[in-house]
Amino acid sequence: MKFFAITFFMVVITGGEVQVPPGYRRYDDMILPENFFANSSDNRNAVPSKSLTWPGGKIPYVIDTSPAQNKQQILQAMQHYHANTCVRFIPRTNQYNYVKIFAGEGCYSLVGVSNGGQQPLSLGTGCTDHGTIVHELGHALGFYHEQNRSDQSIGHNLKSSNLTKIG
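Take the sequence shown: its letters are residues -18 to -1, 1 to 149, numbered as in mature numbering (1 follows the signal peptide of the UniProt record, and there is no 0).
One should not assume that every hint holds.
[As the list claims (entries may be wrong)] Computed cross-link-like contacts, DSSO-like style, restricted to lysine-lysine with a CA-CA straight-line distance of at most 30 Å:
id, residue 1, residue 2
1, Lys40, Lys53
2, Lys82, Lys53
3, Lys82, Lys40
4, Lys32, Lys82
Bear in mind the hints are in silico, worked out from the structure with no lab data behind them. Nothing here was measured: the structure is a model prediction, and the numbers come from that model.
With the hints as extra help, turn the sequences into a complete structure.
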């Protein structure tokens, strides 16, 4: 769990214009259905609906990017999930739903499976370091940002004894 907390607190560089499918909206580096947060009472930071999860934890993918170094970095990020979770990224054969990884404008991904066939995961300029790729793959898996949890309005208590004075 520590892995996901660290991964999803990272700052992600985004930029450029993104083609957002009808019925979806861009929110930071995520593309979400318009009603995504409306009906969620789940306190986790993952998709609230089973229909948005990948069947059997298998995510078919296609990598449409160059240079070859970026492909190697993408495969290493996928291996990070293989080593730490039961999720498996598998090369697409004939699956209808799959993630298309490409070098687009900025860093972004749909969250969870869209059930609409090909879904984009952009790793544009500045988006190909290991942490950012792991982060965007996490969105494709169904994770959104920690600060977007449905219980985000719950207050947090700070203990002054745990704070460090600077200066």
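Taking the hints in turn, this is what the structure says about them:
Of the pairs offered as hints, the one joining Lys40 and Lys53 holds, with about 19 Å between alpha carbons and a cut-off of 30 Å not exceeded. Restraint check: the Cα-Cα separation between Lys82 and Lys53 comes to about 12 Å, which is no more than 30 Å; the hinted pair holds. Proposed proximity of Lys82 and Lys40 is supported: the alpha carbons are some 14 Å apart, at most 30 Å. The straight-line distance between the Cα atoms of Lys32 and Lys82 is roughly 21 Å, inside the 30 Å bound, and the hint therefore holds.
The earlier numbered hints are all upheld by this structure, with none contradicted.
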